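> Sequence:
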Amino acid sequence: MFSLKQSVFRHSNSAMKIGTDALIIGAYAKVESAKSILDVGTGCGIIAIMLAQRSSAIIDAIEPDAASFSDASYNFSTSKWKDRLHVFPHSLQEFLAITDVKYDRIVSNPPFFHGDFMAEKQEKICAKHVIDLSLKELIASSSSLLNENGKLEMIIPFQKTEEAIKIAKNHLLYPENHFILYPKEKKNPHRSIIRFSFNKKVLRTETLYIRNLHGKYSNAYYNLLKDFIPEKHIQGRKTA
14 MFSLKQSVFR HSNSAMKIGT DALIIGAYAK VESAKSILDV GTGCGIIAIM LAQRSSAIID
74 AIEPDAASFS DASYNFSTSK WKDRLHVFPH SLQEFLAITD VKYDRIVSNP PFFHGDFMAE
134 KQEKICAKHV IDLSLKELIA SSSSLLNENG KLEMIIPFQK TEEAIKIAKN HLLYPENHFI
194 LYPKEKKNPH RSIIRFSFNK KVLRTETLYI RNLHGKYSNA YYNLLKDFIP EKHIQGRKTA
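Count along the sequence shown starting at 1, add 13, and that's the number in the numbering used here.
Where hints are given, some of them may not hold.
Said to hold, decoys possible - Listed next, the in silico DSS-like pairs over lysine-lysine satisfying Cα-Cα at most 27 Å (straight line):
{"id": "1", "residue 1": "Lys214", "residue 2": "Lys43"}
{"id": "2", "residue 1": "Lys43", "residue 2": "Lys173"}
{"id": "3", "residue 1": "Lys48", "residue 2": "Lys199"}
Derived from the structure by calculation, the hints contain no laboratory data.
Remember, predicted model here, so these are calculated numbers, not experimental data.
Let the sequences and hints guide you as you build the complete structure.
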């Protein structure tokens with residue numbers, strides 16, 4: 014089990030265990046004003062539940078992996094926000110074919126784009142998703158599922174940033190915010206959180222160093238996650 018301040022998660026069956034990527038996008042994605050959210054590839058459901066804590070939105074989540082879907086179903090059923098959480102055992106392509114809902118926000122932490130960083134066992138478990146859903150399909154399908162003022166926000170490997178922006182422009186989605194994540198001070202960036210919308214805006218760029226030079230989680234990381242990380246994990250730590 015994995016615990017946050019207001020939630021406890023089962024993720025023993027999930028193809029991808031709870032990690033830093035999910036926590037960061039769950040705490041960072043711009044959803045406060047959203048009324049409807051779709052979480053693509055929810056895994057055990059942690060991002061959807063974090064977004065429920067941060068908004069009043071109705072949240073749909075999709076997860077084609079049966080074991081991960083089982084964990085998400087359990088975690089949603091035990092969540093204090095369970096009345097606003099719904100999970101479906103569908104791929105994005107399947108879901109697109111059966112729904113007529115248009116969403117304010119689509120959020121995704123697609124583990125199948127992280128092959129270079131995954132453990133071998135997890136990479137094998139998730140390999141089928143590479144075939145089932147490409148970056149192009151994720152963006153194209155999302156553009157069809159968003160309403161005219163909707164936004165797509167996803168976390169991807171940093172080296173996929175230019176590719177994602179190019180694909181998105183082909184579907185009339187434009188980057189409005191780029192959050193660059195560094196694993197540690199003086200290291201190269203390894204993740205991007207990109208927020209897309211149908212409106213062209215001046216691109217805003219932000220950065221976050223997850224760990225300081227001493228290998229401790231940074232103040233910026235803790236400040237981002239302060240509403241979720243239990244106090245016992247913050248007290249007594251060395252500051253950045």
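> Check each numbered hint from earlier against the structure, then list the numbers of those it violates in ascending order.
Hint 3 alone not satisfied by this model.
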